[in-house]
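Participant: The residues making up each chain are set out below.
2 protein chains.
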Amino acid sequence: MTHDHSVGIVETQTFTFAQETPFVLESGATLGPITLAYQTYGQLNADRSNAVLILHALSGGAHAAGYRSVEDTKPGWWDTAIGPGKAFDTNRFFVICSNIIGSCYGSTGPASVNPATGKPYGLTFPVVTIGDMVRGQERLIDHLGIERLLCVVGGSMGGMQALEWAAHHPERIRAAIPLATTARSNAMQIALSEVGRQAIYADPAWGGGDYYASDRRPDAGLAVARMIAHITYLSEEAMHRKFGRRLQDREQFGYQFRTEFEVESYLRHQGLSFTQRFDANSYLFITKAMDYFDLSQSPAGSNGPVNSLAAAFARSQHVKFLVVSFTSDWLYPSHQSKEIVSALTAAGADVSYLDIESSAGHDAFLVEVDTMTRLLGSFMDRLAREEGI
Amino acid sequence: MTHDHSVGIVETQTFTFAQETPFVLESGATLGPITLAYQTYGQLNADRSNAVLILHALSGGAHAAGYRSVEDTKPGWWDTAIGPGKAFDTNRFFVICSNIIGSCYGSTGPASVNPATGKPYGLTFPVVTIGDMVRGQERLIDHLGIERLLCVVGGSMGGMQALEWAAHHPERIRAAIPLATTARSNAMQIALSEVGRQAIYADPAWGGGDYYASDRRPDAGLAVARMIAHITYLSEEAMHRKFGRRLQDREQFGYQFRTEFEVESYLRHQGLSFTQRFDANSYLFITKAMDYFDLSQSPAGSNGPVNSLAAAFARSQHVKFLVVSFTSDWLYPSHQSKEIVSALTAAGADVSYLDIESSAGHDAFLVEVDTMTRLLGSFMDRLAREEGI
Numbered sequence: 001m002t003h004d005h006s007v008g009i010v011e012t013q014t015f016t017f018a019q020e021t022p023f024v025l026e027s028g029a030t031l032g033p034i035t036l037a038y039q040t041y042g043q044l045n046a047d048r049s050n051a052v053l054i055l056h057a058l059s060g061g062a063h064a065a066g067y068r069s070v071e072d073t074k075p076g077w078w079d080t081a082i083g084p085g086k087a088f089d090t091n092r093f094f095v096i097c098s099n100i101i102g103s104c105y106g107s108t109g110p111a112s113v114n115p116a117t118g119k120p121y122g123l124t125f126p127v128v129t130i131g132d133m134v135r136g137q138e139r140l141i142d143h144l145g146i147e148r149l150l151c152v153v154g155g156s157m158g159g160m161q162a163l164e165w166a167a168h169h170p171e172r173i174r175a176a177i178p179l180a181t182t183a184r185s186n187a188m189q190i191a192l193s194e195v196g197r198q199a200i201y202a203d204p205a206w207g208g209g210d211y212y213a214s215d216r217r218p219d220a221g222l223a224v225a226r227m228i229a230h231i232t233y234l235s236e237e238a239m240h241r242k243f244g245r246r247l248q249d250r251e252q253f254g255y256q257f258r259t260e261f262e263v264e265s266y267l268r269h270q271g272l273s274f275t276q277r278f279d280a281n282s283y284l285f286i287t288k289a290m291d292y293f294d295l296s297q298s299p300a301g302s303n304g305p306v307n308s309l310a311a312a313f314a315r316s317q318h319v320k321f322l323v324v325s326f327t328s329d330w331l332y333p334s335h336q337s338k339e340i341v342s343a344l345t346a347a348g349a350d351v352s353y354l355d356i357e358s359s360a361g362h363d364a365f366l367v368e369v370d371t372m373t374r375l376l377g378s379f380m381d382r383l384a385r386e387e388g389i
Numbered sequence: 001m002t003h004d005h006s007v008g009i010v011e012t013q014t015f016t017f018a019q020e021t022p023f024v025l026e027s028g029a030t031l032g033p034i035t036l037a038y039q040t041y042g043q044l045n046a047d048r049s050n051a052v053l054i055l056h057a058l059s060g061g062a063h064a065a066g067y068r069s070v071e072d073t074k075p076g077w078w079d080t081a082i083g084p085g086k087a088f089d090t091n092r093f094f095v096i097c098s099n100i101i102g103s104c105y106g107s108t109g110p111a112s113v114n115p116a117t118g119k120p121y122g123l124t125f126p127v128v129t130i131g132d133m134v135r136g137q138e139r140l141i142d143h144l145g146i147e148r149l150l151c152v153v154g155g156s157m158g159g160m161q162a163l164e165w166a167a168h169h170p171e172r173i174r175a176a177i178p179l180a181t182t183a184r185s186n187a188m189q190i191a192l193s194e195v196g197r198q199a200i201y202a203d204p205a206w207g208g209g210d211y212y213a214s215d216r217r218p219d220a221g222l223a224v225a226r227m228i229a230h231i232t233y234l235s236e237e238a239m240h241r242k243f244g245r246r247l248q249d250r251e252q253f254g255y256q257f258r259t260e261f262e263v264e265s266y267l268r269h270q271g272l273s274f275t276q277r278f279d280a281n282s283y284l285f286i287t288k289a290m291d292y293f294d295l296s297q298s299p300a301g302s303n304g305p306v307n308s309l310a311a312a313f314a315r316s317q318h319v320k321f322l323v324v325s326f327t328s329d330w331l332y333p334s335h336q337s338k339e340i341v342s343a344l345t346a347a348g349a350d351v352s353y354l355d356i357e358s359s360a361g362h363d364a365f366l367v368e369v370d371t372m373t374r375l376l377g378s379f380m381d382r383l384a385r386e387e388g389i
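Residue numbers (the numbering used here), protein chains in the order written: chain A, 1 to 389; chain B, 1 to 389.
Mixed in with the good hints, there may be bad ones.
No distinction is drawn between identical chains; accordingly, a pair holds when it is met within one copy or between any pair of copies.
Below, simulated EDC-like cross-link-like pairs (lysine to aspartate or glutamate); rule was C-alpha separation at most 20 Å, straight line [stated by the list, open to error]: (1) Lys320 to Asp355; (2) Lys242 to Glu262; (3) Lys119 to Glu237; (4) Lys320 to Glu147; (5) Lys338 to Glu237; (6) Lys242 to Asp294; (7) Lys242 to Asp72; (8) Lys119 to Asp72.
Honestly, the hints are just simulated from the structure, not real lab data.
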């Protein structure tokens, strides 16, 4: 822990619900009890109007800012944006980062023990949706005594959750910031998810998801899934700039099948280190939730299909939006954000939109720190002033 | 066999060389004997000036046109371009399609028996380069008694070979048509290759490449590699148009881990059918050759580095080029073709270049049949007239 403007040492808390009455999922299946891991930074003000909910992406968790201990050198995943004087200024806002149902980071997911059997759920864990994740977070917000969030914000899958909040729980939020995301996963996104899942299925150690009691885990398959995903997070230009055709620890080609190019070494490292921190079954469940995400279709609890994205935001007129995409993001290309903006505009919502010129690819929402700090900071500042915070 | 303008029933021939003196590869390793599978269509004219060499892509083979039998319903991989009256008009040209060293389609590759051991090479097969492949083809051309090819043409890896011919064997060709390709694989292309290889390595049935005597083959890993590759051959728009979010044989989400979206079904089919026709070790060797490809670096047999692409084409001034890229090809993006065009222009070569507006992605060079027929046909027609054919 070395940085200024840090929230300091943080602790992960948990909240458990659906202990008596199980939680009904969009699929119709039930789940309970459900624990959500979360962290908070800053103080909730007297009228409970300054709460900001941070929504993480596929492989993220509740630890968004600060350090786990004084020895810890690696801050939370969005520490650049959360802290005293930062975009999500913890001197001003009460910032919450909630983990999701299905995760392996302290929340109830496929690696959790099913109380009905005394064994890990594995693939008997019910398939959850982005809508289910958000309804879980709503319970957490209830528990924290917050009627209305000042803002929900997230990139990638976190952006899907922000849009889900806006479409289906608009009365609970004042503003939403979906970054580098989509209102509906497209064929390419589903295809990329599916190949990652196939890599896990192909690993014999996966064993149909029932590997928790085994001494082998589907690390090889999960590493391949992560390597595929990692390529999609970068742009061609970013990879070229970062690695080019440079060789790793050698002067000339070895004409052998081992790591030769730096980019190969980087990918292998990304794949390997991911297996040390993530659960393969969680990867399956969370990617599945993203594939299902399509706000233009029937929302949970509705009586029929809403076949238009504008209709999905019919109740969102009073939500302020900041939509952001990045020119080199080919995983969630700008046109998907523009579709969101069109739908929101048609629905009569107050929308700011920026397509940020960046060569960093999908990762830009995390790595374009200066631009994001300015942009998010000024949006939050204006919002706070409007709300008298 | 049902189509007009077909070359009809074709037979694959083989040519074997390096029986006495082994062939020296760019790596310094030697290989021999080497067999190449090839097919020919049309007739070589009296002055042997009408030969066109077709160069296939990663998963292709010598069977480029016509049918294998009267019952055969699936013609060769570029039947749309090769035949009487087609772009490569077999009434006028002698068309050759040569397989490559390292392939599993009738040529010497890792699945071939090493005469020194009596067992399949597996991973003891030497790593070959695009340069090695082309020097192998040069032996075939010698064998066929052709001094100078009228044209070499290929897409993707076939385009790399066309460029290799132009850079290092310019005296043997009159013209070259590199389609949807690059003069040097970039970090993203290497990364995508490497993830495919990792998927194969991760399959326990791969067994370090020594699986030919086993009853299990690394089909699961190879299928994942193919699925990844297949996504890169299509554009986001093409996938959206082809599949959208349509479900496969169902009306609503199943909330289960099986094929639900059409795009998933398509990918699984592509992966599975590939394992029935391709050898995993060949996949490793051929992708490795593509990764090494960089014409801006030292060519085989040179005494030092040629650190500029223009310098690589210093002897290619008398070659006529038609370079083609496709606007939605993100695997071999247009800027890589533009780099080739700049280098050729700087080297003083005669270059035509077209960046074709297409939403078909990398596959466009095969699927944009009408455009390609007109474009290739008129280039070949002009070339033939200039050469008095």
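Participant: Hints first: check each against the structure and report whether it holds.
Facilitator: To see whether the hints hold, each was checked on the structure:
1. Lys320 to Asp355: within (17 Å within a copy, 42 Å between copies)
2. Lys242 to Glu262: within (9 Å within a copy, 36 Å between copies)
3. Lys119 to Glu237: neither (46 Å within a copy, 44 Å between copies)
4. Lys320 to Glu147: Cα proximity of Lys320 and Glu147: one copy only (17 Å, versus 72 Å across).
5. Lys338 to Glu237: Answer is between; shortest inter-copy Cα gap is 15 Å, intra-copy 23 Å.
6. Lys242 to Asp294: The answer is between: 18 Å across copies meets 20 Å, while 34 Å in one copy does not.
7. Lys242 to Asp72: neither (27 Å within a copy, 49 Å between copies)
8. Lys119 to Asp72: neither (33 Å within a copy, 54 Å between copies)
When each numbered hint is compared with the structure, violations occur for hints 3, 7, 8.
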